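In order, the protein sequence lines correspond to chains A and B.
For any residue, its number in this note's numbering is found by taking its place in the first sequence, counting from 1, and adding 69.
For any residue, its number in this note's numbering is found by taking its place in the second sequence, counting from 1, and adding 1.
Simulated from the structure, these hints should not be mistaken for lab results.
Computed from a prediction, not measured in an experiment: that's the story for all the values here.
Careful, some of the hints might be misleading.
In silico DSBU-like links for lysine-lysine, alpha-carbon gap of 35 Å or less [said to hold, decoys possible]:
no. : chain 1 : residue 1 : chain 2 : residue 2
1   : A       : Lys139    : A       : Lys95
2   : A       : Lys95     : A       : Lys173
3   : A       : Lys173    : B       : Lys14
4   : B       : Lys14     : A       : Lys125
5   : B       : Lys27     : A       : Lys95
6   : A       : Lys125    : A       : Lys139
7   : A       : Lys139    : B       : Lys14
8   : A       : Lys125    : B       : Lys27
Not everything, but these chain B residues come out facing chain A in the computed CB check (under 10 Å) [unchecked claim]:
no. : residue
9   : Ser8
10  : Lys14
11  : Tyr36
12  : Gln38
13  : Pro44
14  : Gly59
15  : Phe61
16  : Pro62
17  : Arg64
18  : Phe65
19  : Ala93
20  : Ser95
21  : Glu107
22  : Gly108
23  : Leu114
Computed footprint of chain B on chain A; a stretch qualifies when at least three of its residues, placed anywhere within it, have a C-beta under 8 Å from a C-beta of chain B [said to hold, decoys possible]:
no. : segment
24  : 81-94
25  : 124-137
In this text, a Cβ means the ideal position worked out from N, Cα and C, and glycines have one as well.
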Amino acid sequence: SQQGEEDPQALSIQEGENATMNCSYKTSINNLQWYRQNSGRGLVHLILIRSNEREKHSGRLRVTLDTSKKSSSLLITASRAADTASYFCATDAASGNTPLVFGKGTRLSVIA
Amino acid sequence: DAGVTQSPTHLIKTRGQQVTLRCSPKSGHDTVSWYQQALGQGPQFIFQYYEEEERQRGNFPDRFSGHQFPNYSSELNVNALLLGDSALYLCASSLAGYPGELFFGEGSRLTVL
């Protein structure tokens, strides 16, 4: 079963605009990660935020985590056509040694 | 530094056949996880191997089995293939004791006819 659910399922923006994707999850977590996948390729890790962190930055990426609402958001600023990909959130539950569980993803299209 | 490598990249099988997929983890990693990704879906956890043993397993039938070798490489075997097994099979490696980032291979695209 999938723990995280991304919203929206698909997003289309113009180059230079910001893209925001959201993720909701069900159980308490140790950390939350975001991954990127170009069409039909492997996943690439973008950023990890721990359950005791509220915000994290990496280049043009900004991730927030609200554990009280069990939600996270990924912001990509000044988007580029090369950012076109699917983005997945992934969580590992706080209850013991559990595998990383992925959501269904948001498909981002950045139009030049 | 070699990343995660998977083989084959693409393969076509017919219903009822068996398939073996292979994965070599990133150098220095000792844990291998396998995921199945159907078209338009997120990756679904199949199982994880550490020290040559299956440590965790997702909600997949016994037709899905695996193995890890002393050099940490791994195989995924699927018996009695069904049409619904058509998917991208992803291998990911990590280092035990350091929960966090998974390093993924490019996947093996399996088509069952």
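Hint check results:
{"no.": "1", "hint": "A/Lys139 - A/Lys95", "verdict": "holds (7 Å)"}
{"no.": "2", "hint": "A/Lys95 - A/Lys173", "verdict": "holds (14 Å)"}
{"no.": "3", "hint": "A/Lys173 - B/Lys14", "verdict": "holds (26 Å)"}
{"no.": "4", "hint": "B/Lys14 - A/Lys125", "verdict": "violated (44 Å)"}
{"no.": "5", "hint": "B/Lys27 - A/Lys95", "verdict": "holds (31 Å)"}
{"no.": "6", "hint": "A/Lys125 - A/Lys139", "verdict": "holds (16 Å)"}
{"no.": "7", "hint": "A/Lys139 - B/Lys14", "verdict": "violated (41 Å)"}
{"no.": "8", "hint": "A/Lys125 - B/Lys27", "verdict": "holds (26 Å)"}
{"no.": "9", "hint": "Ser8", "verdict": "violated (13 Å)"}
{"no.": "10", "hint": "Lys14", "verdict": "violated (18 Å)"}
{"no.": "11", "hint": "Tyr36", "verdict": "holds (8 Å)"}
{"no.": "12", "hint": "Gln38", "verdict": "holds (9 Å)"}
{"no.": "13", "hint": "Pro44", "verdict": "holds (5 Å)"}
{"no.": "14", "hint": "Gly59", "verdict": "holds (7 Å)"}
{"no.": "15", "hint": "Phe61", "verdict": "violated (12 Å)"}
{"no.": "16", "hint": "Pro62", "verdict": "violated (15 Å)"}
{"no.": "17", "hint": "Arg64", "verdict": "violated (19 Å)"}
{"no.": "18", "hint": "Phe65", "verdict": "violated (14 Å)"}
{"no.": "19", "hint": "Ala93", "verdict": "holds (8 Å)"}
{"no.": "20", "hint": "Ser95", "verdict": "holds (9 Å)"}
{"no.": "21", "hint": "Glu107", "verdict": "holds (4 Å)"}
{"no.": "22", "hint": "Gly108", "verdict": "holds (6 Å)"}
{"no.": "23", "hint": "Leu114", "verdict": "violated (19 Å)"}
{"no.": "24", "hint": "81-94", "verdict": "violated (count 0)"}
{"no.": "25", "hint": "124-137", "verdict": "violated (count 0)"}
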